[in-house]
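Asker: Sequence lines, in order, name chains A and B.
Using our numbering, you'd call the opening residue of the first sequence number 1 and step up by one each time.
Using our numbering, you'd call the opening residue of the second sequence number 1 and step up by one each time.
Rather than coming from a laboratory, the hints here were simulated on the basis of the structure.
Careful, some of the hints might be misleading.
[Unchecked claim] Covered stretches of chain A, as calculated for chain B (at least 3 residues, CB under 8 Å):
hint : segment
1    : 85-96
2    : 150-156
3    : 191-200
4    : 206-213
5    : 242-256
6    : 263-274
None of these values were measured; they are calculated from a predicted model.
Glycine residues also receive a C-beta, built at the ideal position from the N, C-alpha and C atoms.
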Amino acid sequence: MSAPAPSVELVARFGVSPARRRKDRVARGAILAATILALVPLVLIVYYLLSKGLGAWSSSFFTTDPTGNTFFKSSSIGGIKSAIFGTIEMVALASAIAVPVGVGVAVWLVEYGRNSWFAHAVRFFVDVLTGVPSIVFGLFIYIVLVVGTGSSFAGYKGSLALSLLILPVVIRSAEVILLLVPSGLRESALALGAPRWKVIASIVLPTALPGMVTGVLLAVARAAGETAPLLFTAAATKKTSYDLNGFMNSLPVQIYSDVTSPTTSVVNRAWGAALTLVTLILLLNLIARLISRRSRLA
Amino acid sequence: MEAATVPGGDRALLARSPLARLPDRVLKYGLSVLAALILALIVFFFIRLVGEARPAFAKAGVLGFTFDNNWTPSAERFGALPLVLGTLITSALALLIGVPVAVAAAVYVSELCPPRVRGPLTILVELLAAVPSVVYGLWGIFFLAPKLQGAEQWVADRLSFVPFIGGGLVTIPNYFITGLVLAIMILPIVSAISREVMTTVPLDQKEAALGLGATRWEMIRIAVFPYCRSGIVGGAMLGLGRAIGETIAVTILIGDAPKLGSHLFGQGYSLAAVVANEFGEAQGVHRSALFAAGLVLFVLTLLVNGVARALVVRSSRSTGQPAPRGSRGGSALVADTAVGA
């Protein structure tokens with residue numbers, strides 16, 4: 001028992017005209033096509049990274065330093081050990097500097113500054129920092145720590161440039177998460193007589209922790225891929241170094257210097273290093289996403 | 001009742017001793033000082049940068065430096081016009097190519113796609129933001145540029161009557177390739193912000209349009225786009241800020257030729273690329289000129305980002321929604337974090 005079919009006239013009066021329907025189809029098709037187009041570069045990049053990068057990977061690739069040879073067989077060119085260690089050391093120090101400061105400022109913004117003019121000024125300047133090109137951070141650190149002290153490049157100077165890059169992102173993301181902590185939690189603790197610092201240390205921060213870790217990991221992942229701030233702060237060296245006061249190699253800088261080489265095997269090392277770097281960054285991203293899924297806020 | 005009121009004499013018993021109040025004071029003022037230090041740091045950096053750039057500005061004047069079309073370090077001529085134009089041309093190309101694709105992807109994810117693919121699709125677009133700048137440069141110069149050279153030459157030959165676009169010989173590193181790769185790099189942030197703004201469109205407005213008989217596309221055009229216009233423009237401006245400040249990928253892809261390219265498929269230079277490329281061996285006035293280039297770049301990104309933030313905030317404020325900067329806990333933040341230079 002189906003309802004009587006609408007008459008042809010009714011359909012003509014209230015239905016969507018063929019021209020409009022065609023336009024709708026075309027527009028939706030174009031939108032879908034553009035969306036697919038947006039995914040094409042991702043596929044191509046991943047494919048080329050894997051096909052070129054995996055070919056360069058070998059056990060000696062990760063356990064030897066680059067030698068500086070460019071004219072001989074690929075075995076004499078060396079691997080990227082110093083670059084991997086340099087990146088890990090510098091990024092670790094940068095996070096150790098930026099995370100406490102960033103979380104501190106975010107706590108101040110949410111718990112003390114709130115809507116005061118000073119808090120607005122701080123937010124504005126943090127936004128300014130977010131937009132500063134990373135090479136300008138490199139210049140800043142160069143002016144203050146290389147020209148200013150009359151000394152040379154050093155790993156810790158690279159770390160400081162990276163920490164300037166991490167800082168605004170940590171402040172912003174931590175602020176967003178801290179704002180999500182229910183004010184009822186704070187008020188209950190205060191009503192029970194807990195002093196403010198204790199409320200922050202044992203109620204607010206633990207509640208916000210997973211969300212803040214996510215923000216921090218994403219910021220760190222971004223910093224790990226940066227080349228520009230390291231060019232004139234940490235420079236490049238071939239040897240593996242554990243001394244943050246000396247020159248330090250890093251994956252992005254190693255890739256950058258290898259890209260310009262005319263030798264195929266050196267360019268292949270760049271692909272291998274690029275695959276290593278992207279794997280590292282994706283791991284951090286993955287961990288960040290897993291943690292954010294476990295967070296009860298947001 | 002009695003427990004709630006404290007007789008005046010006993011109030012002192014409940015109050016904390018000055019010593020117990022000390023940690024609170026320390027925390028409050030300590031954190032305030034930390035926040036103030038950030039302000040001081042930026043101001044200090046800016047002053048030092050201006051100071052280092054002064055010799056170059058003193059030589060040619062600020063306008064002379066920015067708008068003179070002659071960058072010849074060996075002759076101590078520092079006119080940054082080829083660099084400024086190189087930055088503007090490549091960023092404009094990036095917007096032209098990247099924004100329509102990014103907005104379309106945002107529309108598809110928020111309005112058209114089946115709910116099940118929404119999450120994975122969002123993550124995939126945002127993965128583009130996880131690729132470091134130097135890897136984009138590597139991929140662009142060894143894969144994209146050689147593959148597209150033939151097509152570019154074809155276009156250049158067909159359009160040889162159009163000034164600036166056609167006619168010349170296509171080189172592997174050029175303005176167009178740089179703009180194309182920049183477009184890919186700004187795609188995630190523009191898309192994430194557009195999507196975020198589109199979620200603020202009230203459901204009843206969309207339903208009203210559909211209820212009046214609009215097709216899906218008509219609904220998007222009359223209900224979604226007008227509502228999100230300033231937010232999308234703001235997102236595009238943030239993308240522009242990124243494109244302007246992008247350094248390493250541009251240095252690899254633009255060719256680093258210290259003069260204004262004669263056409264779209266020729267080599268050029270940009271503000272960020274000149275600093276990355278020449279700073280290592282620069283001395284004296286040359287070095288100061290590079291600081292000046294960095295300063296021009298800094299001011300340019302400040303202007304663009306300032307306008308962008310204002311637009312995004314206004315877009316959300318006019319809707320009565322919380323400002324996106326507050327609600328940006330989600331995906332836009334992810335993209336914001338991951339796109340780098």
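Asker: Output the indices of the hints that this structure fails to meet, ascending.
Answerer: 1, 2, 4
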